[in-house]
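Q: Spelled out, the chains give:
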Amino acid sequence: DAGVTQSPTHLIKTRGQQVTLRCSPKSGHDTVSWYQQALGQGPQFIFQYYEEEERQRGNFPDRFSGHQFPNYSSELNVNALLLGDSALYLCASSLLTGGLTEAFFGQGTRLTVV
Amino acid sequence: DQQVKQNSPSLSVQEGRISILNCDYTNSMFDYFLWYKKYPAEGPTFLISISSIKDKNEDGRFTVFLNKSAKHLSLHIVPSQPGDSAVYFCAARPANDYKLSFGAGTTVTVRA
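Protein sequence lines, in the order shown, are assigned to chains A and S.
Reading the first sequence from the start, the letters are residues -18 to 95 in this note's numbering.
Reading the second sequence from the start, the letters are residues 8 to 119 in this note's numbering.
Be aware that a few hints might be false.
Residues from chain S that face chain A, not an exhaustive set, calculated with beta carbons under 8 Å [stated by the list, open to error]: (1) A48; (2) P51; (3) F53; (4) S56; (5) F96.
Derived CB-CB ranges, DEER-like [what the hints assert, rightly or not]: (6) A:D43 with S:Q21: 47 to 53 Å; (7) A:L20 with S:G90: 23 to 29 Å; (8) S:R24 with A:P42: 41 to 47 Å.
Don't read these hints as lab results, they were simulated from the structure.
Every residue gets a Cβ at the ideal spot worked out from N, C-alpha and C, and that includes glycine.
Construct the complete structure from the given sequences, taking the supplied hints into account.
A: Laid out in structure tokens, this is it:
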């Protein structure tokens, strides 16, 4: 079982650019959530996808958008990057159908905006 | 607003002794509480959880205690081992809701 995989592991972008991060959930999981972890803080919920739709959204601007594909994998897109978007972006998967389970996290993508 | 708080940013403990990590929350809708452990360059790993209908849950060396009236939970690690050195996050969510609210984390260092 590969677990939750994220790509890329590290990324450097310039202010104003756009970035796409990718996530493959743990086998058998149908729900993907994205979190932003700034240095010295706990992860902050961005949004969650289930059945290819955004089910919940945290307190993040519309510059943050996402997508879930039929195979349950997901993308996080951030437009018009700001220096403050520099953070570790974590993807978590879980199984919604049939009941809730604990969320399993990937290793994260370290985004640096310069 | 920070609905989950871990007021101790760090904890140092001798190998073999007990580690006690504390967590407070403000949202009375939280129904399920989890602890995650994180090593550098890795994602958080689920450790142990507790439902609001219980006050204690034990799994090997790890025990979580929940005091709903005080909106407080704690994680006990007995005995502490060098491999336990990591950042520990407390997290909580309402019932039937996947949105986790995390604390800022406590860095545990186990000394030989």
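Q: Hint by hint, say whether it matches the structure.
A: To see whether the hints hold, each was checked on the structure:
1. Hint on A48 (chain S) holds. Least Cβ distance to chain A is approximately 7 Å, under the 8 Å limit.
2. Evaluation of the P51 (chain S) hint against chain A yields a held restraint, the C-beta minimum of about 5 Å falling below 8 Å.
3. The closest approach between the C-beta of F53 (chain S) and any C-beta of chain A is roughly 5 Å, which is under the 8 Å cut-off, so the hint is satisfied.
4. For the restraint placing S56 (chain S) at the interface with chain A, the shortest Cβ-Cβ distance is roughly 6 Å, inside the 8 Å limit, so the hint holds.
5. At about 5 Å, the closest approach between the beta carbon of F96 (chain S) and any beta carbon in chain A falls short of 8 Å, and the interface hint on this residue holds.
6. Separation of D43 (chain A) from Q21 (chain S) is about 50 Å and conforms to the stated range, judged on CB atoms against 47 to 53 Å.
7. The hinted range of 23 to 29 Å is satisfied by L20 (chain A) and G90 (chain S), whose Cβ atoms lie roughly 24 Å apart.
8. Against the hinted window of 41 to 47 Å, the Cβ-Cβ separation of R24 (chain S) and P42 (chain A) comes to about 46 Å, which satisfies the hint.
Of the numbered hints given earlier, the model fails none.
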